[in-house]
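Peer 1: Starting from the known structure of chain A, arrange chain B on it as the hints suggest.
Number of protein chains: 2
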Amino acid sequence: MNPIHLILIGDELLSGKRRDLHLQTIAQSLALHGARVASCEIIHDQAGEEEACVRRYLAPGAVIVTTGGLGPTLDDLTREGLSKATGVGLREEPELWEDLRHRYERMGRPISSSNRSQALVPEHGTWFHNDHGTAPGLVFEPPDWPDCTVIALPGPPRELNPMWHEQALPYLIHRYQWPSPPHSILLRFAQMGESSIDEKMRPLLAPYPEIELSSLIRVARVDVTISLPAEYPRAVEILTEIADRTEVLFPEYVYERWDSFREGQLPARELEEVVSQRLRHRGEKLAVAESCTGGLLSSWMTEIAGSSDIFLGGVVSYDNRLKQDLLGVPAETLEHHGAVSEETVRCMAHGILEATGADWGISISGIAGPGGGTSDKPVGLVWIGIGNKPGIETHRYEFPGDRDAVRERAAVTALSRLLQKMA
Amino acid sequence: MNPIHLILIGDELLSGKRRDLHLQTIAQSLALHGARVASCEIIHDQAGEEEACVRRYLAPGAVIVTTGGLGPTLDDLTREGLSKATGVGLREEPELWEDLRHRYERMGRPISSSNRSQALVPEHGTWFHNDHGTAPGLVFEPPDWPDCTVIALPGPPRELNPMWHEQALPYLIHRYQWPSPPHSILLRFAQMGESSIDEKMRPLLAPYPEIELSSLIRVARVDVTISLPAEYPRAVEILTEIADRTEVLFPEYVYERWDSFREGQLPARELEEVVSQRLRHRGEKLAVAESCTGGLLSSWMTEIAGSSDIFLGGVVSYDNRLKQDLLGVPAETLEHHGAVSEETVRCMAHGILEATGADWGISISGIAGPGGGTSDKPVGLVWIGIGNKPGIETHRYEFPGDRDAVRERAAVTALSRLLQKMA
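Those protein sequence lines, which keep their order, are chains A and B.
Under my numbering, the letters of the first sequence match residues -4 to 418, in that order.
Under my numbering, the letters of the second sequence match residues -4 to 418, in that order.
Chain A extracted, bound-state conformation (with noise of 0.2 Å):
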């Protein structure tokens, strides 16, 4: 397979005020088609880095793919230097000029005689729209190194993203012929470890030693994905046919499941935007009342455009006054039994579908710390209610982790919960 080398160009990475967001998003999508980065450099933007990096790693069949260098000021180097390195001169492409002109005057501003080397392209090359700015794309293979193709890509992530995947990256697959990405399916569980998840699929796997398995370990949730080369006989067969005695395994625990070959979907979901669709689905309405969590899962549901089909509101009772004044739990639970406690929450459910008139409560009551702990209510103990009109069931954990990790797990928790009960 082709070696492909990565140039970053800019000041700003290796003087730390910004971490590099390229490499990552490269490598990812090359892994996805069986090829991977063999090396990546980082160099400052100024005369002649550029040129010796390259040199470098110009060799048959390498790809060298540089970001960055591409704007129209002096110190925008790339262009020259990919020019010097491969002795490919540089040519202006009267479309491209054209196309810079058009663009400037839409932004009613003046085009500068600098931009006018935005509008040089490699002669024996062409070069990559760009939607999101005016740094053209370059892309050519350099006559002395059969097979060996250069791409300069812009270095702003919202130009450089778009042109890899939908321009670049096809270009690349189409001139080298490599195979197609391998087929997978996506689990996401939650409640679940990651042993446990292992545990039960390895029987699954052990006939097939050539799927792979690789897990994404989240607060409280786990991301599985199995995955089979395309090629590979029955793959989507096999493949589904895993997930779905999966699926079985963990009958409450599996939350999204997101297969590759699908056509036309949309991408894998978050926790809450199942619960969303699902309460959209059945035509219902959630409510929450949240002590510990302060306001998270709330925070979570509204994030989504459009929740306010679905999600009501609720009431944050950090305080016991507002757990009796608003959520109508009595003097008497909160003294016997303290704030965090089962009758509380059961109260605090029932409290939040009373005020609301929701067809769903939630309520979450605990001890996220550092503070607060006792022998008996330790830090980490979280009391979760969910309820209807039917009734309301009360669920005890003791989460590990710290405050932020303890509040995050309940809020999954109490999700994951509710999505079992509409099941």
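Each hint should be verified, as a subset may be incorrect.
Because identical chains cannot be distinguished in the list, a pair is counted as satisfied if it fits within a single copy or across any two copies.
[Unchecked claim] In silico lysine to aspartate or glutamate, EDC-like type, Cα no more than 16 Å apart, as pairs:
id : residue 1 : residue 2
1  : Lys195    : Glu247
2  : Lys372    : Glu7
3  : Lys416    : Glu338
4  : Lys12     : Glu207
5  : Lys416    : Glu388
6  : Lys12     : Asp218
7  : Lys79     : Glu136
8  : Lys79     : Glu44
9  : Lys79     : Asp126
10 : Lys384    : Asp354
11 : Lys416    : Glu247
Keep in mind the hints are simulated off the structure, nothing from the lab.
Peer 2: Leaving out everything else, chain B in the frame of chain A:
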């Protein structure tokens, strides 16, 4: 100044599985001493790669820093690569071997012969103790290149970060007599754009062209840092005067100031922490009524440990019914003026003060988008109410940006407004 070459070793970076964090960590701290990373190369952990890469940068006065590849497994080839590239042999250091044996003993894990490689250090060199893992760091000066230093650090950030800041960087500062970091003052602004700040600060800075000003723009906030070399005559006095005068120019918009030269300071605070401490200092409590921000402001306030002392909670009145039932907003107000109106946020603020008995109440109602805008009430329109017993004031904003930006701007602006009222 010595050119510093960074070599990051790890397949995971080049495959896109992990994003590099080290370049920024190292470059930022070097920048404080006027030192800069001349180049950064990311390579595979493969036989020959380290050696070839290090060889390229060996030169008199050069500083070469590698990260990764110091583990006990066969894949970990950094020690060997450095030794081959520089011609400096490795010797087993008995003290380090003892140290490793004790460490494994304490962990209750058997030490294997492959761990022996971790006790190897370069001849004419020394090592950095690793408080968070088994791989010591290495430092040596290859005799063939005068004044050249080679440093090898472990890859995991929790091992690298303390070793870099506490051992490697101080070693380099001392070895090359790098200057002290500059003196600086950080000013954090809310509700004020970069250009307005710049315009007013420029005249103050004009007499001192040596002052460096840098801005970090965040949603609805700007962090401005002014700095002078520590050796500059009267540096502290000059910076202090400019910061004082800036605070006078923006009496209500600077919510935090942090002087680098003051001893024993805590880290600079976020806006919600400043608000929280101001409330604590005054012995007062806050409650909030959120509509378009949907719990975001509450979740910020409750992220802070111990916030129950100053934050009572609130109502997320996403649905109009909750505005009526929990906050007492009259149905006629909602009908005549709409949910996003001065009258409604006034009633919401009044309602949350009444319902909770808080000293301060914040209310927010707006159109976060992307849907729901009209020509009268466009997406981005937000009304904010700030109230206490003496009265309620209201403010109208039209925020730019997408749904997330509008929500975040609204929450920041509300906190900044509250801080102004408590001034």
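Peer 1: All hints, please: hold or fail.
Peer 2: Here's how the hints hold up against the structure:
{"no.": "1", "hint": "Lys195 <-> Glu247", "in the structure": "within (14 Å within a copy, 59 Å between copies)"}
{"no.": "2", "hint": "Lys372 <-> Glu7", "in the structure": "neither (49 Å within a copy, 40 Å between copies)"}
{"no.": "3", "hint": "Lys416 <-> Glu338", "in the structure": "neither (20 Å within a copy, 40 Å between copies)"}
{"no.": "4", "hint": "Lys12 <-> Glu207", "in the structure": "between (37 Å within a copy, 14 Å between copies)"}
{"no.": "5", "hint": "Lys416 <-> Glu388", "in the structure": "within (10 Å within a copy, 44 Å between copies)"}
{"no.": "6", "hint": "Lys12 <-> Asp218", "in the structure": "between (32 Å within a copy, 14 Å between copies)"}
{"no.": "7", "hint": "Lys79 <-> Glu136", "in the structure": "within (14 Å within a copy, 36 Å between copies)"}
{"no.": "8", "hint": "Lys79 <-> Glu44", "in the structure": "within (11 Å within a copy, 27 Å between copies)"}
{"no.": "9", "hint": "Lys79 <-> Asp126", "in the structure": "neither (28 Å within a copy, 48 Å between copies)"}
{"no.": "10", "hint": "Lys384 <-> Asp354", "in the structure": "within (7 Å within a copy, 36 Å between copies)"}
{"no.": "11", "hint": "Lys416 <-> Glu247", "in the structure": "within (9 Å within a copy, 49 Å between copies)"}
When each numbered hint is compared with the structure, violations occur for hints 2, 3, 9.
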